[in-house]
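Asker: Use the sequences and the hints to build the structure in full.
Here is what each chain is made of, one letter per residue.
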Amino acid sequence: AMGFSTKNAYFRFGPHVKEARARRQPIVALETVVVAFGLPRPANLQVAHEMEETIRAEGVVPATIGLLDGQIVVGLTPAELERFAGDEGVRKVSRRDLPIALARRQIGATTVATTVWAAARAGIRVVATGGIGGVHRGAPFDVSNDLPTLATEPVLVVCAGPKAILDLRATREWLETHGIPILGWGMETMPAFYSASSGLPVDARVDSAEEAAAIARVHWTLGGKGILVTVPPPADFALPRERLETILEEAMAEAERAGVQGWALTPFLLARVAERTGGESVALNRALLIENARIAARIARALEA
Amino acid sequence: AMGFSTKNAYFRFGPHVKEARARRQPIVALETVVVAFGLPRPANLQVAHEMEETIRAEGVVPATIGLLDGQIVVGLTPAELERFAGDEGVRKVSRRDLPIALARRQIGATTVATTVWAAARAGIRVVATGGIGGVHRGAPFDVSNDLPTLATEPVLVVCAGPKAILDLRATREWLETHGIPILGWGMETMPAFYSASSGLPVDARVDSAEEAAAIARVHWTLGGKGILVTVPPPADFALPRERLETILEEAMAEAERAGVQGWALTPFLLARVAERTGGESVALNRALLIENARIAARIARALEA
Amino acid sequence: AMGFSTKNAYFRFGPHVKEARARRQPIVALETVVVAFGLPRPANLQVAHEMEETIRAEGVVPATIGLLDGQIVVGLTPAELERFAGDEGVRKVSRRDLPIALARRQIGATTVATTVWAAARAGIRVVATGGIGGVHRGAPFDVSNDLPTLATEPVLVVCAGPKAILDLRATREWLETHGIPILGWGMETMPAFYSASSGLPVDARVDSAEEAAAIARVHWTLGGKGILVTVPPPADFALPRERLETILEEAMAEAERAGVQGWALTPFLLARVAERTGGESVALNRALLIENARIAARIARALEA
Ligand SMILES: [Mn+2]
Ligand SMILES: [Mn+2]
Ligand SMILES: [Mn+2]
Chain H
14 AMGFSTKNAY FRFGPHVKEA RARRQPIVAL ETVVVAFGLP RPANLQVAHE MEETIRAEGV
74 VPATIGLLDG QIVVGLTPAE LERFAGDEGV RKVSRRDLPI ALARRQIGAT TVATTVWAAA
134 RAGIRVVATG GIGGVHRGAP FDVSNDLPTL ATEPVLVVCA GPKAILDLRA TREWLETHGI
194 PILGWGMETM PAFYSASSGL PVDARVDSAE EAAAIARVHW TLGGKGILVT VPPPADFALP
254 RERLETILEE AMAEAERAGV QGWALTPFLL ARVAERTGGE SVALNRALLI ENARIAARIA
314 RALEA
Chain Y
14 AMGFSTKNAY FRFGPHVKEA RARRQPIVAL ETVVVAFGLP RPANLQVAHE MEETIRAEGV
74 VPATIGLLDG QIVVGLTPAE LERFAGDEGV RKVSRRDLPI ALARRQIGAT TVATTVWAAA
134 RAGIRVVATG GIGGVHRGAP FDVSNDLPTL ATEPVLVVCA GPKAILDLRA TREWLETHGI
194 PILGWGMETM PAFYSASSGL PVDARVDSAE EAAAIARVHW TLGGKGILVT VPPPADFALP
254 RERLETILEE AMAEAERAGV QGWALTPFLL ARVAERTGGE SVALNRALLI ENARIAARIA
314 RALEA
Chain D
14 AMGFSTKNAY FRFGPHVKEA RARRQPIVAL ETVVVAFGLP RPANLQVAHE MEETIRAEGV
74 VPATIGLLDG QIVVGLTPAE LERFAGDEGV RKVSRRDLPI ALARRQIGAT TVATTVWAAA
134 RAGIRVVATG GIGGVHRGAP FDVSNDLPTL ATEPVLVVCA GPKAILDLRA TREWLETHGI
194 PILGWGMETM PAFYSASSGL PVDARVDSAE EAAAIARVHW TLGGKGILVT VPPPADFALP
254 RERLETILEE AMAEAERAGV QGWALTPFLL ARVAERTGGE SVALNRALLI ENARIAARIA
314 RALEA
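Protein chains in written order, with my numbering: chain H, 14 to 318; chain Y, 14 to 318; chain D, 14 to 318.
It should be emphasised that the hints constitute simulated quantities derived from the structure, not laboratory data. Since this is a predicted model, take the numbers as computed values, not measurements.
Pairs count within a copy or across copies, as identical chains cannot be separated in the list.
Cross-link-like lysine-lysine pairs, in silico, DSS-like; alpha carbons within 30 Å at most:
{"id": "1", "residue 1": "Lys238", "residue 2": "Lys105"}
{"id": "2", "residue 1": "Lys31", "residue 2": "Lys238"}
{"id": "3", "residue 1": "Lys105", "residue 2": "Lys31"}
{"id": "4", "residue 1": "Lys105", "residue 2": "Lys20"}
Answerer: Here is the structure:
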């Protein structure tokens with residue numbers, strides 16, 4: 014996969030990322046779907062900036078990724094990033110959308126999958142995000158493009174686990190099936206995005222960035238691909254799992270009655286959760302995105318050491 | 014995957030394909046399962062010839078693929094093709110059958126998967142077919158070998174969508190999971206083989222061979238693999254989706270009562286549909302195979318431009 | 014995959030395997046999960062030795078694989094093997110556990126997946142085992158790491174089919190989906206571990222090591238990956254399929270009532286089967302492991318011829 018290079022017309026590096034690459038500084042990649050679709054305005058742009066600042070404060074360079082004018086930009090400038098935060102015409106770009114959005118020069122917000130894929134091609138080994146995709150609940154058997162991408166790209170993703178609207182147990186099994194290690198940040202169990210624990214075991218608890226980096230290094234030396242570091246949401250913001258499950262079940266029943274499915278389901282459910290928690294879920298999302306950015310930066314630094 | 018070459022004893026090129034490769038002419042590959050198992054005699058051989066003629070009329074070279082005498086023949090001659098149309102001893106060759114049929118020197122009709130795989134090894138980027146395989150309806154979770162092959166081989170397949178006896182929604186999700194773009198030929202939705210639309214959205218509508226070729230080129234430059242161009246069946250022949258669903262449901266209930274499953278199910282259902290539609294489904298199949306061959310040839314030409 | 018080499022600090026070869034590699038002698042790899050978790054003491058260590066002796070009696074070198082002191086040891090010595098047979102602290106090492114167990118220098122028993130992966134890296138093409146993993150019965154859709162590993166590593170595995178506690182039909186479909194040929198040793202159907210036949214067809218019956226080797230050679234020349242040779246359990250020890258199904262269904266119901274799931278389920282079910290068959294299942298397991306080692310050795314020899 015890595016024989017492929019970014020030396021083609023479809024990749025462009027932002028000035029700060031170009032410099033970081035020349036100086037071999039640690040870099041953390043960030044997605045743009047969270048900016049374009051994951052948070053209400055104006056929190057979306059604020060959080061994007063706060064994540065970048067948090068990474069810089071750790072001595073690491075942020076590389077927010079998005080599609081502009083027929084190119085994959087690795088390291089959007091603040092002015093470029095703004096276009097993702099307010100533009101109605103932004104396309105959500107999963108990997109199958111990539112050639113379409115590039116050929117048509119659309120503004121494209123990159124999913125975790127597309128971000129991880131682009132990061133791998135750019136030699137960036139660490140990505141920070143909120144929740145990754147996974148196996149959807151119910152029928153048909155529907156798996157996020159994030160999972161096969163983790164199975165093929167040598168990238169460490171710091172997250173709060175799979176999005177809680179998914180089938181967490183099935184997602185955990187999928188990761189096991191495909192040899193993707195799940196590390197728990199100070200925890201023996203995988204978080205459930207909104208709550209500290211899903212009740213499902215991780216493969217190993219780690220208590221420092223160095224410990225995570227040591228395992229990732231062995232994984233990649235042996236040809237391993239994706240690896241997850243799952244971080245429980247900051248305790249002050251976490252929501253009780255039972256309450257969330259009730260809200261989710263109601264929202265899913267509502268979605269079914271309204272015929273909402275496929276692409277439309279995830280944003281529908283997230284909006285319902287935000288509504289029913291009186292915005293608490295938005296505050297939580299914000300807190301965990303910044304926390305995950307910080308931990309990702311520390312791991313990126315430990316990997317360079 | 015492409016590091017592998019066809020310079021081994023198991024590949025043989027027909028004279029017309031050898032010439033086309035030397036002259037760098039555009040080539041479209043065709044499968045042989047449709048000849049051996051997909052259509053009644055004598056329509057099967059007639060349609061195979063018509064598809065080849067249609068491709069030639071566009072200035073493109075057809076390469077019908079099949080196994081003969083322990084070799085994968087890329088570009089069967091008319092005399093060779095006849096052996097697939099009437100011989101009772103032909104083996105249906107999915108990828109797992111490939112080493113067996115070659116080692117035992119069996120006559121082997123290649124599925125879409127095996128054809129796509131062989132085409133990729135021979136440097137042929139476009140395949141035309143009727144309907145591709147996909148995710149089967151019901152339990153157990155059963156996925157055609159066509160799908161993982163599309164996920165790993167850089168080939169564009171022109172088809173009328175997945176066979177309508179399949180779970181189209183699950184198949185569509187599988188393609189999304191694995192990053193395979195679905196383009197709609199003059200349509201916003203995916204066809205359902207017998208009918209113009211499945212109701213499921215494509216990733217992009219294209220209205221010309223050049224548009225499809227432009228997207229495929231970006232896809233492959235970025236290391237992308239399979240890409241589908243789904244073409245609605247010619248309007249004069251299309252069957253109403255509701256009528257088809259009724260016929261299919263009855264045929265599936267019948268198959269269950271009779272204990273027909275696994276390999277035997279697809280031909281059983283197709284035969285029932287042909288019977289219940291008084292041969293209309295055969296006329297439709299023929300019309301769409303020729304139409305797909307024509308569009309595939311135009312895209313192959315556009316890719317060379 | 015094979016571009017990767019074993020010339021790194023994480024691989025160590027036992028003296029007998031080092032010699033065999035230098036002399037280009039045929040080698041059969043063996044797993045250690047069966048020693049650490051698959052059989053009661055002291056049968057576990059006895060069987061491990063008998064398998065090695067059986068392989069040697071065929072003029073082939075056994076390479077039992079396990080993790081010790083931060084290394085993957087290919088070819089454990091008798092003294093090293095003993096540590097897997099009695100130590101309470103042994104970790105079951107699926108591929109996602111590999112970097113963790115190595116980084117933490119844990120004693121690690123390798124699953125079929127990890128053994129096949131390590132064998133492929135060491136250039137060993139044949140593995141002998143009892144039953145492979147597969148698709149689990151029931152929900153969620155849960156697939157053993159053995160299956161994707163067979164889909165990516167060019168190794169021939171001799172086994173008595175997938176473990177009978179699995180969904181054999183779904184497992185068979187999975188193998189077909191991913192192009193993995195299933196050969197039946199003197200049989201037209203796949204065995205069901207405890208019983209001679211699952212009722213599910215194999216892709217080809219083979220009646221000699223040479224026949225299996227010939228197909229494997231074509232498979233690998235064409236870039237194929239895993240291939241299974243399924244051997245029915247020795248007739249004197251086989252248990253009737255209906256009796257087994259009854260025992261398994263009771264045991265599964267019991268597991269559900271007791272909340273046993275995930276990792277804990279397989280050993281729980283195997284223990285119940287051993288109990289309910291008054292040890293007959295242990296005698297069977299032993300007999301088939303030795304028989305499979307013998308056939309694997311003959312195929313390894315035929316592959317060198
Ligand atoms: Mn599992
Ligand atoms: Mn999906
Ligand atoms: Mn199948």
